[in-house]
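Protein chains in written order, with my numbering: chain A, 1129 to 1294; chain S, 102 to 1107; chain E, 19 to 476.
Hints were generated in silico from the structure; no laboratory data involved. A couple of the hints might just be wrong.
[As the list claims (entries may be wrong)] Facing chain E, a subset of chain A residues (Cβ under 7 angstroms, in silico): (1) THR1189; (2) VAL1196; (3) SER1217; (4) ARG1294.
[What the hints assert, rightly or not] Residues of chain E placed beyond 12 angstroms of chain S at every Cβ, according to the derived structure: (5) TYR156; (6) VAL179; (7) SER377; (8) ASN413.
All of these numbers come straight from a predicted model, not from anything done at the bench. Ideal placement from N, C-alpha and C gives every residue a C-beta, glycine not left out.
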Amino acid sequence: MSGVLGIFEQREDLLKAVKEARTENLGPLEAFSPVLDEDLIEAVSPGKSPVRRLTLLGGVTGGICGLVLTIWTTAQWPLLITGGKPLISIPPFLVIAFELTILFGALGTVSGFLYWSIWARHRRPLPYDTRFTQDHFGLWIECPSVDTEQVVKFLKERGATEWEIR
Amino acid sequence: MIKRRDFLKVMGVSGPAALLEACAPPQTEQLIPYLVSPDNIVPGVPAYYTTQCRECPAGCGMLAKTREGRVIKAEGNPNHPVGQGHLCIRGQASVQSLYNPDRFRGPLLRDEGGQLRTTDWEQAEELLTSRLGQIKASGSEQRVAWMGRLLTGSMEQLTRQWLQSLGSERLLFYETFDYEPLRRATQIAFDRSELPSYHLQDARFLISFGADFLETWRSNVELMGDFQRMRKARSTERPDNFVHISQRLSLTASNADWWIPITPGAEVQLALAIIHSILEQGLAVPEVDSDRGWIESLVEPYSPEATQNATGVEVSSVQELARRFSQDSPSLALGGGVSSTGEQAVSLELAVLLLNAVAGNLGKTLTFGIPSALDQLATYQEVLDLIQDMNQEKIEVLFLHEANPVFTLPQSCGFAEALEKVPLVVSFSRLPDETTARADLILPDHHFLESWGDFSPRAGVVSIQQPAMQPVFDSKATGDVLLSTAQNIDGMASEFEHSNYFDWLHAYWDSEIRTQVAAEQSWEEFWPDILRQGGHFQEVEPVTVALRNFSTQIRLQPEGLEGPEDGHALLVYPSAAFFDGRNANNSWLQEIPDPVTQLVWDGWVEVHPESGREMGLQEGDVVTVTSPYGSVTLPVHLFAGLKVGVVAMSLGQGRSGELRYASGRGDNPMRLLSPQAEPESGSLLWRSVRVTLAKTGERHQLVSLQARPQDHPRDTLIAREVQDTPFAEQIFPSQLSDSASGEEHDTASSHHEPIDFYPPHEHPDHQWGMAIDLDSCTGCNACVAACYAENNVPIVGKEKCAQGREMSWLRIERHLHDPPVTQESALVQPQVTSVPALCQHCHNAPCEPVCPVFATYHNPEGLNAQVYARCVGTRYCSNNCPYKVRRFNWSASEFPEPLELQLNPDVTVRTSGVMEKCTFCVQRIQAGKNRAGREERQLVDGDITPACAQTCPAEAILFGDLADPDSRLSQRVADPRGYHLLEGLNTRPAITYLKKLVPEKPFDEE
Amino acid sequence: MSSTDRPHNLSPDPTTTRFGRVNRDILGTLHPGRLYFAALALCLLGIGWGVWSWVQQVNNGLAVTGLHNPVMWGAYITTFVFWVGIAHSGTLISAVLFLFRARWRTAISRAAEAMTVFAVMTAGLFPIIHLGRPWLFYWLLPYPNQRGLWVNFRSPLLWDVFAIGTYFTVSVLFFYLGLVPDLAILRDNSTGWKRRIFSIASLGWSGSTREWKHFNSSYLLMAALATPLVISVHSVVSWDFAVAIVPGWHSTLFAPYFVAGAIFSGLAMVLTLIIPARKILHLEEYVTPSHLENVAKLILFTSLIVSYSYVIEFFFAWYSQNPFEQTVFMSRLVGDYAPLFWLMVVCNCLTPMLFFIPSARRNTALLFVVSLLINVGMWTERFVIIAGSLARQYNTTTWGDYGPSWVEWSILLGSLCWFLFWFLLFIRHLPGLPIAEVKEAMIHGSPARNSLSAEGQP
């Protein structure tokens, strides 16, 4: 795949570039930033992250596992009466269920993060400049090689200090 | 009447088998398989041997429980009239004296250098025979003397005959505590030189003048049983029927309804005052009309008014005592006891006998004609004569048998010095003691659980003593020593047809007893039956006696005490655990707290807090106690249960020598006593000196297992503040006042339906439970010792006791509500309640749900089970136990060789880091089920008895099945006196306590 | 092909240079001097001593401790509760304040999160150390085993196992998640094997918008999960006591009371760690007095809740007319435990009152001293509650006092060193401040201004 990676020093320039690239729909975009920048996210890929679905899934699974584990294991040895309490004494079991809800929820969330942001990126590698984690911004515009020049021009005009053609 | 299972217990027993069975080696390291198994040893199944306790002269019947050829537990013999199946703390602990690690490994001989050297029996006996041979040859008289414990029957016969053939009559039966004043008094009053027998169970009112019959006086187990029968009969309206008169709140006194702390020496006057008042109120029985004249003139000067100053007892009280003593007929007055043996001892006994006569108790609660073995005891005077002869070097050989006179005689009488004058001192002692330290030849005797023997505590009771196991060490039965030496002395062998004691015993029983009691039976019929029963028992008809005028012989001038006027009268009393010190090296007895003071592992001098304040003495101050005859150094224990002006010391501690448990604890009061004998009876003057206390400036930690609020809990003194503490309301709705009034009773009774958050759980087959009658419990600690023995409970020693790490599963909490002597009247309520505290096996046990690994849970039979193997030691269960009956193994427990032989193979020895507690003797429950199973029957009530209930001489503990509505237990828990500890917590314990009955009104109030 | 014929724009650029400086400053903290290694060595020494003492305990049994009837729990459980409490503030700052959008948290969040992880690691040691048979600790875990026996889920100790286990896992994940962008920074600033390690650790983070998007959402969700968790964890710990029938433990008040106490003590510990750290690592510009002041305000707030709980406890005891409760609380007021009780009142209730004075809140030295006092006070509080109540239960004849033995003190010291050891490793190898977040704060305006903003209070 081919495209152009422009490197910006000004966050504002980048934002502008992204917005205009969208209007001129220059093709798929990806921006790079050293910081979490909600405006940028909104501009590049609007919409909600799907991670929360995995969180919910994990939480529910955890809760069920908690109840199943406690009730099933207790039923394994029905002789064990303690303190005059019934075998299946729900109140204490709820504590276990709750903790497992949280645990599985958290695990779901993290796996969501790994899947969508880490794994997704590994599947679809993009050019990268180490300065992105430091103090520079970047904009990758994917395009058929014919009008690379046009894209470069576009980026130059928007204040990109460097560019790289792939 | 022998119960079926008791019969089965002893079924497999027969004499030769008893000898033969002992194939199991005492050393655990050699494992010898049974190639040809003895017919009466089934591995895993206990064999019971009837024998009898020889820890003291009382002679209770005993069953020795053996497993794989070793004794693991001592229990009372239910067929035996003495003890009736129960044992006291000392009897329970006798297994530890059997396996005592300090016992002599074999015979010892003192060499030229004066060192004791181990030798073998041949050498030892050779030396003995040569010396005795010379004496025998020389034909000189009275050169050999024997001083030993009370013997009857075959052993007495043997010893006497043996000495006679050596030309000596000198056979002194020496016991530290004799009853000479009483015997002398009966001689004077009734012309019978024998101890009377008492029938407490028939008495309706009891006055004891210093007789501590629940601890050591005469036959304490038997008397405690009788006492309880007497108490059970009393009315709840007027529950007070026992008055104790003494200077110290002994265990017996603390079980009295009324205690009269009396000035030493005033007892006689009080007794006479009561007689005076009886006559005055015209309550005397007609039988004494003939003697009325001299009695009236005798008591004339002792009107209640006249004696009030001396005795401190109000006229009204004396009159009430007189009234109740004569009207609640038959009543009984007991007199004597070590601590009241002063110059007036005989007079006191006379007065008491007269009191009984006047109230018409003769032939009812007080009978004659049943001579006691104690009548055979030598008087202290005879001992003094012996000492004199020893000093005059008239004695060439002195035999000491189960006696430690150097320790138990007043040091001032010079016995130790006199020993130096005796060329050959032979001791048969099993343990190193003060006397063996001076002996030339030590021929260790068997323990009574290892040897044959017989003993007749009183007429009509002849018990057999069977060896229950192979000797632990290289000891030899004294009877065998006597016979084998006799064989080797010229001219002696002929006089003894038997060469070993077993044959001698057989012959004796055949000739002396069978012919007497069962002439029609053949020996083969007779003997196994004796072994099964544990002896031969029959009722002996008492004889009637006539009162004689002894007004001239009664000594009425008040007794004097030697020593400085400003001093304190010294009171020496026998230790409930150590008796006269013979048991001091027994680790259980050292660790089980003293029943009165709750102190462990120590000796002390008891000082009244008031006197303490005057002398500026604190608890634990080390003082030098000085009498005209010597001095001892002891820590002070402030004890409110004393007559002011008296200090008390128990006999038993202060042992010297290499005794790992006893040495270096406390001191021996015998250093302080006067050497004089009581002129009238020739008994030892126990109460004869005043002492002075001087601070040494040192401090000594006295350790009590019972915490006291306010002060540092591990500090000493009984928890007398318990009344003002929250626990009191919970543990003592136990006063009668509550149970009488209904609404308070609701809070205390166990019969209202508790409200539970969860549905109840059922116990289909059994629900084990227990009832403990606080009114019966005397706090004697026998159950505690039984628990130690049954459940392999380790001892931890004084230091860990001080840290609160004792392991006792069962403890007797002694609650003394308020200091007794603060009360106005001379008659004070001791207000002592002894509460046996053990795992309550709660229906809703708080300890169970908190255990993360199910190490403790509720089993289907209502037991709160503790699974040691499963325990990881979070100790949460103990935190959550409101009764604090769980014990944690802070470190690995130790059983010094050969004590490990005593361990009960049915009970795990717990490892370090696990929790343990009372199991209701689950191994016995299992055994009971197995037995029922083998006999193909259902469990019946009484099949299962835990160790504590089994031994309880007061029968205060009842175990049974709550699921069975007809069980004795179910009936007893329905008693209106029933309540649960800390009932408000709704833990619903399986143990029901029955409240103590205490008088509500002052004594002389109608 | 790349074209570089065009010269760079050399005009100084605010964003870039400021970001650059942030990197330099914060990454600069990762090269400490001699003092650091001395401290590290000391910690290792302390850990060694603690381990040796513990070996003594395992060999000789718990007899070497001061524990006895009836005080079965003592210094170990006290310290367990103490460290669990410490952990809580970390989560509070990183999660709860995040949800509250209190941006000033940035300055201390990273350190606080690290502290949480290490505190839980320390706390987790004690339930095992205190066991009678510690080698069997795994019997508390529910796994199929040959004993054919599972665990008793009715036991609060099991709740602990799950609560602490969950809490540790979630804290670590949360900590790591927040660390990923910074790890990428470290990667791009390092060379050789370090670079390799960091590139693995940073999961190849590139800062692309999509990564940031999912990162943002995950972080938010984790915070949302951590918040109820942190409350549940200390509630569960408090139930170890509250569900027991021990007078002085058996109280419905315990959960909120303990949670407040936990956050209270944790915040104090944050100050104890941060104040010296910012000096030594020259982070005054990033961790400003205003940040510390906000923490001080939180401390004051939680201190008031804790004090209120103390009062209410006594009210309950009095109002219930339960003699046993009253006995316990009297023994705290005037009994054997009074000295400790009053010490804890001074440390936890009185000294924090200083923070009503604005100048006191901004006085670093004073903050440090007070934070130390609160640490002591909170340990004492747990000690009084645990040992003090156990020593005065229903049956007066079984009362008994408790004091830790040298073994217990040594193990406690060891655990403190263990905690500091990990914290030292952390400040040496990972940025003590979340670089990306600091930069993020910049694009929203200068960190200083935000930290001054009043949105500090939850």
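A quick look at each hint next to the structure:
1. THR1189: For THR1189/A, the interface hint is violated, since the closest Cβ of chain E sits about 14 angstroms away, which is over 7 angstroms.
2. VAL1196: violated (12 angstroms)
3. SER1217: Given a least distance of 6 angstroms, the restraint on SER1217/A holds.
4. ARG1294: Nearest chain E Cβ about 9 angstroms off; hint violated.
5. TYR156: Violated: least Cβ distance 9 angstroms, not greater than 12 angstroms.
6. VAL179: Non-interface label fails for VAL179/E: nearest chain S Cβ at 8 angstroms, not farther than 12 angstroms.
7. SER377: Consistent with the label, SER377/E stays out of reach of chain S, its closest Cβ about 46 angstroms off (over 12 angstroms).
8. ASN413: violated (5 angstroms)
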